[in-house]
Amino acid sequence: MTQNENTTTAIVRMEKVNKHFGSLHVLKDIDLAVMPGEVVVIIGASGSGKSTLIRCINGLEEFQSGHIEVDGNELTPHGKSGRALQKIRTEVGMVFQQFNLFPHLSVRDNVTLAPMKVRGWSQEDAMETAERLLERVGISDQADKYPTQLSGGQQQRVALARALAMEPRLMLFDEPTSALDPEMIGEVLDAMRELAREGMTMIIVTHEMGFAREVADRVIYVHQGEIAEEAAPETIFDSPTDERTRSFLSRVLKH
Amino acid sequence: MDVTFQFDWAAAFSSIPHLLPGVPWTLLISFGGLAIGFVIGIIFGLMRISPLFWLRLPAIFYIEVFRGTPILVQVLFIFYGLPQILGEPINALTAGIAAIAVNSGAYISEVVRGGVQSIERGQREASLSLGLSRTQAFRYVIWPQALRRMIPPLGNQAIISIKDTSLFSVIGVGELVRQGQIYIATTFTAMEVYLMVAMLYLAITWTLSILLRQLERRGLVGQ
Chain Z
400 MTQNENTTTA IVRMEKVNKH FGSLHVLKDI DLAVMPGEVV VIIGASGSGK STLIRCINGL
460 EEFQSGHIEV DGNELTPHGK SGRALQKIRT EVGMVFQQFN LFPHLSVRDN VTLAPMKVRG
520 WSQEDAMETA ERLLERVGIS DQADKYPTQL SGGQQQRVAL ARALAMEPRL MLFDEPTSAL
580 DPEMIGEVLD AMRELAREGM TMIIVTHEMG FAREVADRVI YVHQGEIAEE AAPETIFDSP
640 TDERTRSFLS RVLKH
Chain A
113 MDVTFQFDWA AAFSSIPHLL PGVPWTLLIS FGGLAIGFVI GIIFGLMRIS PLFWLRLPAI
173 FYIEVFRGTP ILVQVLFIFY GLPQILGEPI NALTAGIAAI AVNSGAYISE VVRGGVQSIE
233 RGQREASLSL GLSRTQAFRY VIWPQALRRM IPPLGNQAII SIKDTSLFSV IGVGELVRQG
293 QIYIATTFTA MEVYLMVAML YLAITWTLSI LLRQLERRGL VGQ
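Top line first, the protein sequences correspond to chains Z and A.
Residues in the first sequence are numbered consecutively from 400, following this note's numbering.
Residues in the second sequence are numbered consecutively from 113, following this note's numbering.
In short, the hints are calculated from the structure, not lab data.
Hints should not be assumed to be uniformly reliable.
[Stated by the list, open to error] Computed Cβ-Cβ distance ranges for the label pairs, DEER-style: (1) A:L184 x Z:G519: 49 to 55 Å; (2) Z:E613 x A:R251: 37 to 43 Å; (3) Z:S521 x A:L184: 37 to 43 Å.
[Unchecked claim] Covered stretches of chain Z (in silico footprint by chain A; criterion: 3 or more residues with CB under 8 Å from a CB of chain A, positions within the stretch not fixed): (4) 477-489; (5) 498-512; (6) 529-539.
Built from N, CA and C at the ideal position, the CB exists for glycine as well.
Let the sequences and hints guide you as you build the complete structure.
This is the structure we're talking about:
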């Protein structure tokens, strides 16, 4: 699917987005459209701006110029989006590198909090959804435990269930496996793989190149705040056209 | 000059019934003051970290003034100074409670600020990303966690305030030290009586420490 013919139906559309941290130009004229059901993987070196890019989509980062539209809601520069931002956050789920589970709440309460407080669901409905989602990510037997009693991999799967409980139209993943011990990366990637198979729209920032190649419909390489190259995974990994992409991949794929 | 001193245990123990009436006063002033101080602390502590300058400024001013001046001066100001403006006297109990309230309130404001600021940024980000409003994020996620972290410094402040009430003997409120002074005036057994006064303070603060430790341990579940 090419960008031009489908821009009207894109669930995420970024146009000429620029972000500065003081004198640092973190995002430079970012143009990106993501279609419903598409799995987009963003790769790039640390500090390239890839995390900042997806954090702009749900307003965790402000941007200074350009245009971001998510599911028909428009974000305005300088964080003055108000109601639209609230709507976007209700429809967009996010999984963080550090899980960010609520340590004072049980696993179940972590999952039911937002549906009850934001969507206004009854406790029974929220609990039912929580059970179903925890089952799906393979931790239904841990629902009464507290997050710190779980392994990193289990915590990240709870975080995924928590985000899914809001029935998001789009999921953002910010290096979801970077804080995990190696033996736990697989279980989290499996859960994400399944989600992709079910047709969830996903934007994933990751260093897991094998996973990117396998699940991505499109891979984007970000270099110093710019989208240097975007293409199908086979193209990016096997025959990258941009010299910067080639150099980056030769460094990360070597070992 | 005769320097041999015999500690009179009998005198020490017999003073206790005369000191005990001071205990409820000490407890009333400290816990009454601390309860109000806690409310003040929450309000000014949150104002202190508000993004709005006109809320931050009065909070900074209040904290600096009441943390930066002696509590003895504060209670004298309230008890002897304020009546000049009000045109009527303030009773010693009210003055004592008010002094503990405004003084502990300043310290507790900083405890509240520190507690809230100690919660990792990711907690707020996760809350917002789930669609919670900033108020909901604070109420359901940040505050409950901050409150737990505030237990040790709040306990610390409670112990300090309990001991500070001893200064209020100067305005004649019948707390522990005052009761001791009255008793010593007739028996001249200062050593014995002040030791018992000290023991009674220790009994109160130690009990509080134990209760706080239990509260903290219970609060640690799920951390």
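So, going through the hints one by one against the coordinates:
1. A:L184 x Z:G519: 49 to 55 Å: Holds, at about 54 Å.
2. Z:E613 x A:R251: 37 to 43 Å: Hint holds: Cβ distance 42 Å, inside 37 to 43 Å.
3. Z:S521 x A:L184: 37 to 43 Å: Taking Cβ atoms as reference, Z:S521 and A:L184 lie about 57 Å apart, which means the hint is violated.
4. 477-489: Answer holds; 3 residues pass the 8 Å Cβ test.
5. 498-512: holds (count 8)
6. 529-539: violated (count 0)
In terms of the numbered hints stated before, the structure departs from hints 3 and 6, listed from lowest to highest.
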